[in-house]
Amino acid sequence: MGQWRRLDNRWAVSARSDPALRPAYGVFYVGWGSWLRGKAIALGDTTQTARFHSDTAALAAEFDRSGPFLDAYPGQAWPVDSVVASATLRLHDRLFPPRYQATLHAGQKRRVRGSTRPPACSLTRSARSSRAHGAPRSR
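With the numbering used here as the guide, the letters of the sequence shown map in order to residues 1 to 139.
In case anyone wonders, no lab produced these hints; they're calculated from the structure. Only a predicted model underlies this, so the values are computations on that prediction, with no experimental measurement involved. Warning: the hint list may mix true and false statements.
[To be verified] Label-pair distances were calculated between CB atoms; the ranges are:
id, residue 1, residue 2, range
1, 97, 51, 10 to 20 Å
2, 44, 106, 31 to 41 Å
3, 20, 94, 27 to 37 Å
4, 97, 18, 31 to 41 Å
5, 47, 97, 12 to 22 Å
6, 87, 49, 14 to 24 Å
7, 74, 46, 14 to 24 Å
8, 90, 44, 18 to 28 Å
9, 74, 94, 25 to 35 Å
10, 47, 106, 27 to 37 Å
11, 83, 24, 15 to 25 Å
Every residue, glycine too, gets a C-beta built ideally from N, C-alpha and C.
Sequences and hints are given; from them, build the entire structure.
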């Protein structure tokens with residue numbers, strides 16, 4: 001078990017170092033990092049403000065371009081990571097003048113219409129790949 005965990009961790013670190021993902025380094029890295037930065041700002045730490053603004057702008061731009069499920073790793077997307085990124089945009093709009101309401105509203109409309117439903121499994125296909133790496137096959 002420990003060997004698999006080490007291999008998994010090495011893969012995650014190497015995937016994270018891919019700035020070609022959009023947003024750069026993937027929605028897992030940018031979404032969760034921005035969520036933590038936003039919470040630090042809410043507690044009074046203004047040193048994170050510039051990075052928070054740039055990361056939330058990158059997240060919003062990618063949601064507008066790609067839809068509600070962004071890549072966490074090359075060719076792989078987990079809906080939970082995109083949910084955290086969406087929550088980060090809402091947090092931004094609570095901490096600062098609202099800027100991302102249209103992006104969030106458009107994403108909700110796409111999900112309600114069913115135009116972008118994730119498969120039943122937790123690992124979803126990326127629009128840029130034919131099948132997510134490691135995802136179970138449909139039966």
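How the hints compare with the structure:
1. 97 - 51: 10 to 20 Å: Taking Cβ atoms as reference, residue 97 and residue 51 lie about 18 Å apart, which means the hint holds.
2. 44 - 106: 31 to 41 Å: Check passed, 32 Å falls within 31 to 41 Å.
3. 20 - 94: 27 to 37 Å: holds, 32 Å
4. 97 - 18: 31 to 41 Å: The hint (31 to 41 Å, Cβ to Cβ) holds, given that residue 97 and residue 18 are roughly 33 Å apart.
5. 47 - 97: 12 to 22 Å: 20 Å Cβ-Cβ, so the 12 to 22 Å window holds.
6. 87 - 49: 14 to 24 Å: holds, 18 Å
7. 74 - 46: 14 to 24 Å: violated, 34 Å
8. 90 - 44: 18 to 28 Å: holds, 20 Å
9. 74 - 94: 25 to 35 Å: The hinted range 25 to 35 Å holds for residue 74 and residue 94, with Cβ atoms some 32 Å apart.
10. 47 - 106: 27 to 37 Å: Since the Cβ atoms of residue 47 and residue 106 sit about 32 Å apart, the hinted range of 27 to 37 Å holds.
11. 83 - 24: 15 to 25 Å: With Cβ atoms ~20 Å apart, the hint holds.
Comparing the model with each earlier hint shows a violation of hint 7 alone; every other hint is respected.
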